[in-house]
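Undergrad: If you read the protein sequences in the order shown, they are chains A and B. Mapping of the first sequence onto the numbering used here: residues 1 to 117, in sequence order. Mapping of the second sequence onto the numbering used here: residues 1 to 592, in sequence order.
Treat the hints as calculated values from the structure; they're not laboratory data. Incorrect hints may appear among the rest.
[Stated by the list, open to error] Just the calculated beta-carbon pair ranges, DEER-fashion:
1) B:Glu449 x A:Arg104: 44 to 52 Å
2) B:Asn60 x A:Gly48: 49 to 57 Å
3) B:Asp459 x A:Ser82: 52 to 60 Å
4) A:Gly48 x B:Gln534: 24 to 32 Å
5) B:Asp289 x A:Gly48: 53 to 61 Å
6) A:Gln74 x B:Met302: 28 to 36 Å
7) A:Thr93 x B:Thr262: 50 to 58 Å
[Stated by the list, open to error] Chain A residues, not near chain B, derived (Cβ > 10 Å throughout):
8) Thr16
9) Glu32
10) Gln56
11) Leu63
12) Met79
13) Phe86
Yeah, the Cβ is synthetic: ideal placement off N, Cα and C, and Gly gets one too.
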Amino acid sequence: MVSAADEPRMRVNGATLAQHNGRPVVLMGQVEKIDPSGSMLMVKASDGQSVQVKLQEPLQENLEGLIEIHGFGQGRQVMCQSYVSFPMDYASTFDMDAYDQAIRLLHSVTPNPWKFD
Amino acid sequence: MSGLSNGVIVDITNGAHPEDPIVQILSMKRMPNGAQERFRILLSDGKWSSSFAMLATQLNSKVASGEIANNCVIKMNRYVCNTVQNNKKVLIILDLTVVQTAEEVGGKIGEPVMFDPNKNPQQEAAPAPRVTPLAAQTAQRNVPNASASPARTPAGGNVHPISLLTPYQNKWTIRARVTHKSDLRTWSNSRGEGKLFSMDLLDESGEIRATAFNEQVDKFMDMIEVDKVYFISGCTLKTANKQYSNLNNDYEMTFNKMTEVTPCHEASDIPTMQFNFVPLDQLESLEKDTILDIIGVCKEAMDVASITSKASGKELRKRDVQVVDDTNREVRLTLWGRQAENFDGTQQPVLAVKGAKLSDFNGRSLSLLSSSTLQINPDIREAHKLKGWFDNGGNTAETVNLSNQRGGGSAGMGSNFKTFGEAKLENLGSGDQADYYTTKASVVLIRKENCLYSACPSDGCNKKVVDMNNGLYRCEKCNREYDSFNWRLMLSANLADISDNQWVTVFQDQAEMLLGTTSSELGFMRENSPDKFQNIFTDAAFKNFSFKLRVKMETYNDESRLKTTVVACSPLEPKEYNRRLISEIKQMAGQS
Chain A
1 MVSAADEPRM
11 RVNGATLAQH
21 NGRPVVLMGQ
31 VEKIDPSGSM
41 LMVKASDGQS
51 VQVKLQEPLQ
61 ENLEGLIEIH
71 GFGQGRQVMC
81 QSYVSFPMDY
91 ASTFDMDAYD
101 QAIRLLHSVT
111 PNPWKFD
Chain B
1 MSGLSNGVIV
11 DITNGAHPED
21 PIVQILSMKR
31 MPNGAQERFR
41 ILLSDGKWSS
51 SFAMLATQLN
61 SKVASGEIAN
71 NCVIKMNRYV
81 CNTVQNNKKV
91 LIILDLTVVQ
101 TAEEVGGKIG
111 EPVMFDPNKN
121 PQQEAAPAPR
131 VTPLAAQTAQ
141 RNVPNASASP
151 ARTPAGGNVH
161 PISLLTPYQN
171 KWTIRARVTH
181 KSDLRTWSNS
191 RGEGKLFSMD
201 LLDESGEIRA
211 TAFNEQVDKF
221 MDMIEVDKVY
231 FISGCTLKTA
241 NKQYSNLNND
251 YEMTFNKMTE
261 VTPCHEASDI
271 PTMQFNFVPL
281 DQLESLEKDT
291 ILDIIGVCKE
301 AMDVASITSK
311 ASGKELRKRD
321 VQVVDDTNRE
331 VRLTLWGRQA
341 ENFDGTQQPV
351 LAVKGAKLSD
361 FNGRSLSLLS
371 SSTLQINPDI
381 REAHKLKGWF
391 DNGGNTAETV
401 NLSNQRGGGS
411 AGMGSNFKTF
421 GEAKLENLGS
431 GDQADYYTTK
441 ASVVLIRKEN
451 CLYSACPSDG
461 CNKKVVDMNN
471 GLYRCEKCNR
481 EYDSFNWRLM
491 LSANLADISD
501 NQWVTVFQDQ
511 AEMLLGTTSS
521 ELGFMRENSP
531 DKFQNIFTDA
541 AFKNFSFKLR
551 VKMETYNDES
561 RLKTTVVACS
571 PLEPKEYNRR
581 LISEIKQMAG
591 QS
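All chains, please: the whole structure from these sequences, using the hints.
TA: Structure (structure tokens):
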């Protein structure tokens, strides 16, 4: 697998995740459900779709609210390498709809003009 | 007689309402009535004829198509007969069926005699049908099935719906609720002086504005209370002056000597105040000066403040309150006059506002007009819902303040967005007048030489003072000498955005915001701690702000230069900026 430093991480939502199979992605969304095993959770992406996120090690803390998953796309799932969780006051002011529109705009231009080679 | 309903014209004139009378149309006359035509009809029932009939405008197409023509026989399915002034009657035909077409009939049936209600019905002579004066006045609007509502007035007559009030009919009584009562206002102009108050009246059919002057003010001002229902009769109707009211009615009325007002105690069907609430998160997408209704919880109420109006020079009292609703938006609402003084926001009441004006002052804010109504804790579903939301956590939720109040005052930031490159390309400021634009930019460099000047310490005067070298400072504008001065900032700063950079002048208030310190502290630092002074300037670099700029061509000693000054500046609002960028991108992509 490619190391994170070589390829830019694309921010995705539920719909565009599938286009980035095997590539580094960032998925931002709300924690929906944490699997009892602790190594899998469901995240509601910015377009409302539910995405399954697999963790390399079981969760140590109880996550909730807004979360940003950094990892690799695997079809309709994400293999998480690291995550950033946000405090509750950020989560309530975060404009999910604007974020989703930004993601859609990012994906609407191909080839990706924000890559620098 | 071919089945005409003989004598039916007499019956109708005498107040009866026989069903489905069959009559013949002898002739029709087109009456101009503003935008729409109206047809006056000479009807015959075989025995009598009368020109008291008018065709409802919804049937005009039948005339145009030829279905209704002179000599055809019709059955009147629906009609009303109203009395206009001087006991004259007007028959409005609302719906009809053509029983026999004009061609089939072929001519006038029988020998009908012109019916004159004033004379004995047994009149012999048949004067030529002439246009009676009443016809010219009966430009009745489309009357929907105007059978009187079951309510009776105190006088025993029938209650007239507000939507059917016209200047052409004076014998009516309405039963309405007062939804708004204005304060007493006095005026004095070249023609004299007087006093007035006005009110908005509402019933099931519609609303109308009424004004009382001078004597009627004395008679009715105290008696009429908001939210109560009254029987009102005998006012003068006239075309509405849209400048003073935004009610949905072409007419408005004035109280006169004949006006009578009686309280009504069975308020039953009259609806209470009609609101059309706009959720606060939609305010940003509406244009300024829109009149709208809102409902929200009064989160915070400021004290009453007194300001002098620039327009009229009068001193006005106002109170600002912050209103929040369950879309997690809050907005500033301004109350004026007595309403401001009497307002009690301590219990965080639910406020319902009808007819507030949206302004783009400080983002978005609302102001009450004299025609607005404010209800505190109204007993309506939305109010209870909001109170429930507020008590259950709504009061601690993070809200977006649409009326972003910043210390520097960022008035009307929503105006003209340009980048520096665009501004230069469009030669803004090169015309006669100053051009204003708003942009997001970063501070690149602020010159620390000549950033401070000594200014006159008297209030409001910021002129540079001359150091007399004897401990005194002279101000030329005030023509006085002072023993002290104020440090004031006038910065020369370079701002940059993605397109270009621009040197601008920044004055006191905005300068303090950019540097993050007051001018007097800075003056002190310059003398005493030059390192700290230096740091202030380096720290200010690369900060992002939203700037409102004024650019104008100025001439100084024969030299003309394009000068840009900062009128207002405020810290960048990422959300609002983001939204604007998204909409600009969409526009450019042709999708908006």
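Undergrad: Tell me, in ascending order, the numbers of any earlier hints that this structure violates.
TA: Numbers 4, 5 and 6, in rising order.
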